[in-house]
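Work out the full structure, taking the sequences as your base and the hints as a guide.
Just so you know, the protein sequences line up as chains A and B, in that order.
Numbering-wise (my numbering), the first sequence opens with residue 146 and increments by one.
Numbering-wise (my numbering), the second sequence opens with residue 94 and increments by one.
Please keep in mind that the hints were generated in silico from the structure rather than gathered at the bench.
As the structure is a computational prediction, the values presented were derived from the model and not from experiment.
One or more of the hints may lead you astray.
[As the list claims (entries may be wrong)] With a straight-line cut-off of 20 Å between C-alpha atoms, the simulated EDC-like cross-links for lysine to aspartate or glutamate are: (1) B:K124 <-> A:D257; (2) A:K163 <-> B:E291; (3) B:K284 <-> A:D232; (4) B:K284 <-> A:D172; (5) A:K230 <-> B:E290; (6) A:K181 <-> A:D374; (7) B:K284 <-> A:D231; (8) A:K163 <-> B:E290; (9) B:K284 <-> A:D305; (10) A:K168 <-> B:E291; (11) B:K124 <-> A:D172; (12) A:K354 <-> A:D374; (13) A:K230 <-> B:D274; (14) B:K284 <-> A:D174; (15) B:K329 <-> A:D172; (16) A:K399 <-> A:D374; (17) A:K230 <-> A:D254; (18) B:K330 <-> A:E165; (19) A:K310 <-> B:E348; (20) B:K284 <-> A:D403; (21) A:K168 <-> B:E290; (22) B:K273 <-> A:D257; (23) A:K230 <-> B:E143; (24) B:K284 <-> A:E167; (25) B:K284 <-> A:E210.
[To be verified] Covered by chain A, according to a simulated footprint, are these stretches of chain B (three or more residues, beta-carbon under 8 Å): (26) 207-220; (27) 255-261; (28) 284-297.
Cβ atoms here follow ideal geometry from the backbone N, Cα and C, with glycine treated the same way.
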Amino acid sequence: MNQHHLTSAYHVEILPPKQETEKLYEDLDRFAQKYKRVMESGYCACITDNAMGNLAFQGTEMIEELHLPALENQVMIHLNTFHTKDDLHRILDACRNSGIRQLLVITGDGSDRLPRLTPSDVGADGVEAVTSVELLRYIDRAYPGDFDLGVAFNPYEPEDHEFAKLDRKIAAGASFAITQPVIERHPVVDRLLAEYPDFPVVVEAWMSKKLSLLSEAVGYEIPQDAAYDPIENLKTLHRNYPRCEVYLSILGFKTQYDLLQHVRN
Amino acid sequence: MRIVVCVKQVPGTHDASIDPETKRIIREGIKVVINPFDTYAIEAAVQIKEQIGGEVIALSMGPSRAVTVLREGITVGADRGILLSDRAFGGSDTWATSYALARAIQKIGDVDLVICGKQAIDGDTAQVGPGIAAHLHWPQATYVMEVGEIDGASVTTKRMHEDGWDLCSLRLPAVLTVVKDINQPRVPTLKGRLAAEEQQIPIWKAEDIGADPELIGLHGSPTRVVKTNPPAGRGKKSVVLDGTVQQNVRALVHEMRQRSLI
Chain A
146 MNQHHLTSAY
156 HVEILPPKQE
166 TEKLYEDLDR
176 FAQKYKRVME
186 SGYCACITDN
196 AMGNLAFQGT
206 EMIEELHLPA
216 LENQVMIHLN
226 TFHTKDDLHR
236 ILDACRNSGI
246 RQLLVITGDG
256 SDRLPRLTPS
266 DVGADGVEAV
276 TSVELLRYID
286 RAYPGDFDLG
296 VAFNPYEPED
306 HEFAKLDRKI
316 AAGASFAITQ
326 PVIERHPVVD
336 RLLAEYPDFP
346 VVVEAWMSKK
356 LSLLSEAVGY
366 EIPQDAAYDP
376 IENLKTLHRN
386 YPRCEVYLSI
396 LGFKTQYDLL
406 QHVRN
Chain B
94 MRIVVCVKQV
104 PGTHDASIDP
114 ETKRIIREGI
124 KVVINPFDTY
134 AIEAAVQIKE
144 QIGGEVIALS
154 MGPSRAVTVL
164 REGITVGADR
174 GILLSDRAFG
184 GSDTWATSYA
194 LARAIQKIGD
204 VDLVICGKQA
214 IDGDTAQVGP
224 GIAAHLHWPQ
234 ATYVMEVGEI
244 DGASVTTKRM
254 HEDGWDLCSL
264 RLPAVLTVVK
274 DINQPRVPTL
284 KGRLAAEEQQ
294 IPIWKAEDIG
304 ADPELIGLHG
314 SPTRVVKTNP
324 PAGRGKKSVV
334 LDGTVQQNVR
344 ALVHEMRQRS
354 LI
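Set out below in C-alpha cells:
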C-alpha cells in the first residue's frame, strides 16, 4: 500500500464553470474567488472533473489560465476515465508541472460528448472497459512517485463488493480514500476504519440542506423526513470520526464558509 | 485550404413544442445547443486544417443568439465565424436556407470544401448539405465516415450506407456531410473559449450576400408543412440475455461498466 498522509483540515469541493455557460467571465471570477479563499484558509481545493457528466472546464486549465497559485498539498484534481489519452497526459503533466500531487481517480459519469479511455490506452488489454482501477494502475506506473492517488469509497454500495473493489484500488496504487457523503455515522465507514487502520480516509460531508440531491448523487434513496442541518452534521462527523479529515461537497461559500473555523472547536 | 463548416443552433431539449399555426418549433425561451452532428463536421475540418494547413470558417444562419454556436466552433479550432441573420430569412425551408448559405459561401470566396453534419436534430431532413451543393453546382458526398487523401484538387472519402461504404473521390470544391463515425470531437478548452469570446462575429444580412428576396424566407420556400407532431418519448428498452450464465453475466457486467454503474 502506498503511504500518504493528508494534511488539510478541510477538502473543499469546487466545481469549475460549465462549458455551456453564457456568463463565462462571471463564472471564472466566482471560481477564482472561491479557490483563493480556500488557499488562504489553508484548506485543500478539490476541483471536479465533468461532475455528473456535465461538461465543464478542467481544473488544471483553470489554474493555468487564471494564474491561480497551486500551494503544496492544497489542491486536489479529480480525474475520471472520460478523456482521450492525449488529454489525460496533458492533465497529468500540468499537475506535475504545477506541483499538484493529489488526484482523486474515479471512473466518472461520462456523457455523449466525452471520449472515454480505451483499455489499450492504459495498457489494460484484458478488460472490456477502463474503470478507476485501470486508470490508477496506469498513472501509478506512468508517473511513479509523482502523485498521491485517492479513490472513492461508497458505503451505500453492497458492502463486500465495495471492500473487494477497494482492495483492487489499493493494489493498483491508491493511497487514500474519500467516502460518499455520510450522515452522522455509517457502519460501513466504521468497518473501513477498523479494518484499514493505516489507510487515510476522508469522510465526505454533504453541505446542502437538500437531502434529495444527495439521494441522486449516491444513487440510493436516503430518508428525507428528518430536518437536516449540514453544520450540525459536520460537527457530528468530527466527533464520530476524529482521525478523519473531511471533504465538503456543495459548500455554501456565502453562508457556511466562515462557520468552518468554529466547527471543530 | 479554405473550409466552411455549416453549423446550426437547435433546441437542447426533449420538450420542444410546435406552434399550431406555423407548424414550426417554438424556439423562444428554450435552451439551445449546437447541433450535435455539426460538432463532428467542425472536428473533421479542423483535422484537415491541422494536416494540410488552411482556414476553417464556421457559418450559421439564425437569430443573433446563434453566435454562441459559432463561438463553440471557434473554441475547438475554427478560425472565425460568420452569422447570417435577417428577418428576411425567417420561415426559410431547407431549400431557401441552403440557397442563403450558398450565397454566403460565394461571398466568402475561394472556398475549397464545405462540411456539414449529416442532418440537424430538430428538422431531421438531411437536405441542407445537399441543397448547398445543388445551389453551388459542386460535387457532394453525404454520410461521410472517413476523409482520406486530400489536397488542393481533390478529396477521397468513405461514404457510409446500409451495406457498408463507398470510396468516393471528389474534385474540389465540394460539399461533404458527415456522420458520427468520422471522428471524436475534441473537448473544448478554456484557452479556446477565451479566444472565441474575444472574436467579433460579423453578421451578414440578406443584402450583404446579394440574396434574391424571392428565394429566401417564406417566399423562397417551396415546402409547406401540413402537420407536425412532437416525437413520442423514448420508452425504456428491455434487453433479453439468452446466452449461457457465464455469457450473460459477462454481457451484463460489460453493459453496467459502459454506463459507469459499477
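For each hint, the structure was consulted:
{"no.": "1", "hint": "B:K124 <-> A:D257", "verdict": "holds, 18 Å"}
{"no.": "2", "hint": "A:K163 <-> B:E291", "verdict": "holds, 18 Å"}
{"no.": "3", "hint": "B:K284 <-> A:D232", "verdict": "holds, 14 Å"}
{"no.": "4", "hint": "B:K284 <-> A:D172", "verdict": "holds, 15 Å"}
{"no.": "5", "hint": "A:K230 <-> B:E290", "verdict": "violated, 28 Å"}
{"no.": "6", "hint": "A:K181 <-> A:D374", "verdict": "violated, 26 Å"}
{"no.": "7", "hint": "B:K284 <-> A:D231", "verdict": "holds, 17 Å"}
{"no.": "8", "hint": "A:K163 <-> B:E290", "verdict": "holds, 15 Å"}
{"no.": "9", "hint": "B:K284 <-> A:D305", "verdict": "violated, 44 Å"}
{"no.": "10", "hint": "A:K168 <-> B:E291", "verdict": "holds, 14 Å"}
{"no.": "11", "hint": "B:K124 <-> A:D172", "verdict": "holds, 19 Å"}
{"no.": "12", "hint": "A:K354 <-> A:D374", "verdict": "holds, 6 Å"}
{"no.": "13", "hint": "A:K230 <-> B:D274", "verdict": "holds, 19 Å"}
{"no.": "14", "hint": "B:K284 <-> A:D174", "verdict": "holds, 15 Å"}
{"no.": "15", "hint": "B:K329 <-> A:D172", "verdict": "violated, 37 Å"}
{"no.": "16", "hint": "A:K399 <-> A:D374", "verdict": "holds, 16 Å"}
{"no.": "17", "hint": "A:K230 <-> A:D254", "verdict": "holds, 17 Å"}
{"no.": "18", "hint": "B:K330 <-> A:E165", "verdict": "violated, 30 Å"}
{"no.": "19", "hint": "A:K310 <-> B:E348", "verdict": "holds, 18 Å"}
{"no.": "20", "hint": "B:K284 <-> A:D403", "verdict": "violated, 33 Å"}
{"no.": "21", "hint": "A:K168 <-> B:E290", "verdict": "holds, 11 Å"}
{"no.": "22", "hint": "B:K273 <-> A:D257", "verdict": "holds, 11 Å"}
{"no.": "23", "hint": "A:K230 <-> B:E143", "verdict": "holds, 19 Å"}
{"no.": "24", "hint": "B:K284 <-> A:E167", "verdict": "holds, 16 Å"}
{"no.": "25", "hint": "B:K284 <-> A:E210", "verdict": "holds, 7 Å"}
{"no.": "26", "hint": "207-220", "verdict": "violated (count 0)"}
{"no.": "27", "hint": "255-261", "verdict": "violated (count 0)"}
{"no.": "28", "hint": "284-297", "verdict": "holds (count 4)"}
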